[in-house]
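Colleague: Position chain B relative to chain A; hints supplied.
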Amino acid sequence: MTLLYFAWVRQKIGRSEETLALPEGVTTVGQLAAWLAARGAGYAEAFADPKRLRAAVNQDHVAFDARVSPDDEVAFFPPVTGG
Amino acid sequence: MKTIRIEAKTFDVNAEIAAITQGMRKVGAVVTFTGHVRGDDDLMSLTLEHYPGMTEREIARCIDEAEKRWPLLGATIIHRIGTIVPGDPIVLVAVASTHRKDAFAACEFLMDYLKTRAPFWKEEQRGGAARWVESRASDEERAKRWE
Numbered sequence: 569m570t571l572l573y574f575a576w577v578r579q580k581i582g583r584s585e586e587t588l589a590l591p592e593g594v595t596t597v598g599q600l601a602a603w604l605a606a607r608g609a610g611y612a613e614a615f616a617d618p619k620r621l622r623a624a625v626n627q628d629h630v631a632f633d634a635r636v637s638p639d640d641e642v643a644f645f646p647p648v649t650g651g
Numbered sequence: 002m003k004t005i006r007i008e009a010k011t012f013d014v015n016a017e018i019a020a021i022t023q024g025m026r027k028v029g030a031v032v033t034f035t036g037h038v039r040g041d042d043d044l045m046s047l048t049l050e051h052y053p054g055m056t057e058r059e060i061a062r063c064i065d066e067a068e069k070r071w072p073l074l075g076a077t078i079i080h081r082i083g084t085i086v087p088g089d090p091i092v093l094v095a096v097a098s099t100h101r102k103d104a105f106a107a108c109e110f111l112m113d114y115l116k117t118r119a120p121f122w123k124e125e126q127r128g129g130a131a132r133w134v135e136s137r138a139s140d141e142e143r144a145k146r147w148e
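Protein sequences, first through last, are from chains A and B. Its first residue numbered 569, the first sequence is counted upward by one per residue in this note's numbering. Its first residue numbered 2, the second sequence is counted upward by one per residue in this note's numbering.
Think of the hints as simulated: they come from the structure by calculation, not from any bench. One or more hints might be untrue.
Said to hold, decoys possible - Okay, the calculated beta carbon distance ranges per label pair:
| id | chain 1 | residue 1 | chain 2 | residue 2 | range |
| --- | --- | --- | --- | --- | --- |
| 1 | B | GLY54 | A | LEU588 | 13 to 23 Å |
| 2 | B | SER139 | A | ALA631 | 33 to 43 Å |
| 3 | B | LYS102 | A | ARG635 | 41 to 51 Å |
| 4 | B | ASP65 | A | GLY608 | 17 to 27 Å |
| 5 | B | SER139 | A | ASP617 | 14 to 24 Å |
| 6 | B | PHE105 | A | ASP639 | 37 to 47 Å |
| 7 | B | GLY83 | A | ARG620 | 19 to 29 Å |
| 8 | A | THR595 | B | GLY88 | 26 to 36 Å |
| 9 | A | PHE632 | B | ARG127 | 27 to 37 Å |
| 10 | A | SER637 | B | PRO53 | 14 to 24 Å |
| 11 | B | ASP41 | A | LEU588 | 36 to 46 Å |
| 12 | A | ALA602 | B | LYS102 | 44 to 54 Å |
Said to hold, decoys possible - Examples of chain A residues lying across from chain B (beta carbon under 7 Å, computed):
| id | residue |
| --- | --- |
| 13 | PHE574 |
| 14 | ALA575 |
| 15 | GLN627 |
| 16 | PHE632 |
| 17 | PRO647 |
| 18 | THR649 |
| 19 | GLY651 |
Just so we're clear, the structure is a prediction, and the values are computed from it rather than from any experiment. Yeah, the Cβ is synthetic: ideal placement off N, Cα and C, and Gly gets one too.
One chain only, chain A, in its complex shape (with noise of 0.2 Å):
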């Protein structure tokens, strides 16, 4: 799967994307997020307040709770401030 982080979600992992497997046990996007948690220092602080990020699979907005497949293109950030 590709992985895509932007804005401080990004410079705390210190990369913008990258790629990888599926890990084992898991099947949404909230897990995704937390094992990606335990991956190192950078990832900890970013995904250290589950409630102050958002996430979209395949360039669509979803919930914490929504599944994740080997082929996703799956992206983490902050809420969106454009305008």
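Modeller: The following block gives chain B in isolation, referenced to the frame of chain A:
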């Protein structure tokens, strides 16, 4: 006609009005909204980041939703990215319809939806420091009025 552009350069509102009305004899109203970067306090500039691909899709969905609600003859949304200084335009929403009531409503709807759905993020530069802008509950409230 649906026009969506995400670009660093500024836009010409009159040129966009001309484009949205060209050859459209039934247009009786064009409403435009131009958002400018407000120069609060010591704000030096804003830098806009977005999610290429999803941004265009999300804005297209906003326009599709507006077209279901009002009889539109055209809609143009231009959003700038990169670094923008106070006073400069950042976003344009232009809507053409036969009657002004529909054009006014659709323009406001599009701006409210864009604010809460299109994946853009603003970072403020003040003095030597940069800070990501927090989303505002009031923007969510405005968007919810249309549900």
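Colleague: Compare the structure with each hint and give your call.
Modeller: We went through each hint and held it up to the structure:
1. B:GLY54 x A:LEU588: 13 to 23 Å: holds (20 Å)
2. B:SER139 x A:ALA631: 33 to 43 Å: violated (22 Å)
3. B:LYS102 x A:ARG635: 41 to 51 Å: Between LYS102 of chain B and ARG635 of chain A, where Cβ atoms are some 42 Å apart, the hint holds.
4. B:ASP65 x A:GLY608: 17 to 27 Å: violated (40 Å)
5. B:SER139 x A:ASP617: 14 to 24 Å: Holds, since SER139 of chain B and ASP617 of chain A (Cβ atoms, about 22 Å apart) stay within the stated range.
6. B:PHE105 x A:ASP639: 37 to 47 Å: holds (43 Å)
7. B:GLY83 x A:ARG620: 19 to 29 Å: holds (25 Å)
8. A:THR595 x B:GLY88: 26 to 36 Å: violated (49 Å)
9. A:PHE632 x B:ARG127: 27 to 37 Å: holds (33 Å)
10. A:SER637 x B:PRO53: 14 to 24 Å: Once the Cβ atoms are compared, 22 Å apart, the range 14 to 24 Å for PRO53 of chain B and SER637 of chain A holds.
11. B:ASP41 x A:LEU588: 36 to 46 Å: holds (41 Å)
12. A:ALA602 x B:LYS102: 44 to 54 Å: Given about 49 Å between the Cβ atoms, the range holds.
13. PHE574: holds (6 Å)
14. ALA575: holds (4 Å)
15. GLN627: holds (4 Å)
16. PHE632: violated (17 Å)
17. PRO647: holds (4 Å)
18. THR649: holds (5 Å)
19. GLY651: OK, holds: GLY651 of chain A within 7 Å of chain B, min 4 Å.
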